[in-house]
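Construct the entire structure; sequences and hints are all you get.
Heads up: the sequence shown runs through residues 1 to 303, numbered per UniProt numbering.
There may be inaccurate statements among the hints.
[Claimed, not checked] Have a look at the derived ranges for each label pair, beta carbon to beta carbon:
no., residue 1, residue 2, range
1, Y183, G247, 43 to 49 Å
2, E289, F259, 41 to 47 Å
3, M206, R112, 39 to 45 Å
4, S221, Q149, 18 to 24 Å
5, P24, W84, 54 to 60 Å
No lab work stands behind these hints: they were computed from the structure.
The C-beta atom is built at its ideal place from N, Cα and C for all residues, glycine as well.
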Amino acid sequence: MVTVVAPIVGPITGGWLTDNYSWPWIFYINVPIGIFASIVVWSQLRMREETTQSSPVDYIGIALLVLGVGLLQVVLDKGNDEDWFSSTPIIVMSIVSAISLICFVIWELDERHPIVNLRLFKDRNFAIGTLALMLGYAAFFAINIILPQWLQTQMGYTAIWAGLAAAPMGFLPLVLTPVIGRYATKVDLRILCSVSFLTMGASCLMRAQFNTDVDFRTIASVQMFMGIGVAFFFMPLTTIVLSNLHGNEVAEGSGLATFFRVLGGSFASSLTTWIWQRREVFHHANLTESVTQYKPSGYGLRK
1 MVTVVAPIVG PITGGWLTDN YSWPWIFYIN VPIGIFASIV VWSQLRMREE
51 TTQSSPVDYI GIALLVLGVG LLQVVLDKGN DEDWFSSTPI IVMSIVSAIS
101 LICFVIWELD ERHPIVNLRL FKDRNFAIGT LALMLGYAAF FAINIILPQW
151 LQTQMGYTAI WAGLAAAPMG FLPLVLTPVI GRYATKVDLR ILCSVSFLTM
201 GASCLMRAQF NTDVDFRTIA SVQMFMGIGV AFFFMPLTTI VLSNLHGNEV
251 AEGSGLATFF RVLGGSFASS LTTWIWQRRE VFHHANLTES VTQYKPSGYG
301 LRK
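What follows is the structure, encoded as structure tokens:
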């Protein structure tokens, strides 16, 4: 439920804060919310009895993971600004990241108390489900990144109106998720996941037809249609991922699947922004070449 509420509250709240205050308040607002959440969790759970187990900490695994993923994220974030592999720092960080991640996999497979239990990928449901979760969330995240930027830079929307246009994606999941959870045991979850990907793909095709004449209602309608795919995505696929795990494996698998899901979103954010900027430069150059002294209006633009 938290995952599907975020696409509603996030764009609207972020847009309102940006329009009425400034963009840093998008981050400042999390401070009082975090303090309040901490107080509630502590007051409600501090008396709860919980059996804990003491086990050695895999410091080497943690170091390799932080180094590998951290440098990879820096490469994705800064690669476009530094012209990718034309930059020596980008090349060095890419090599170090690759070596660290390879060493991490080798180390974790041989470690008695791994920080990440990679052996879970031997389970077919977990391996394929995690890959699908990562790819699906990457598509979901990419759309949430690009659409508001396009609405503000090309369509002249304010931040709050861009948020209102993107928010309908979360309405249907908010209504459908409890229903899907109730009847999930009576339906083949693979069918629900397939419907999810088909719906998200269809909404992306609709969105690909957008131009600067598209109105607010059309954008909101496509976003709402996308919400059907989102509703059939998270809960069924997470259930499939954890279906064959038992005991402590459930917590380990849930954390590992979440890690790859967030990693997919990070990749999507960086790569989508890079592709958008490159294609914008390409089309701008293409259109500029078509404007001459004889056709100043660009009437003869190439198709």
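Tested hints:
| no. | hint | result |
| --- | --- | --- |
| 1 | Y183 / G247: 43 to 49 Å | violated (27 Å) |
| 2 | E289 / F259: 41 to 47 Å | holds (46 Å) |
| 3 | M206 / R112: 39 to 45 Å | violated (51 Å) |
| 4 | S221 / Q149: 18 to 24 Å | holds (20 Å) |
| 5 | P24 / W84: 54 to 60 Å | violated (29 Å) |
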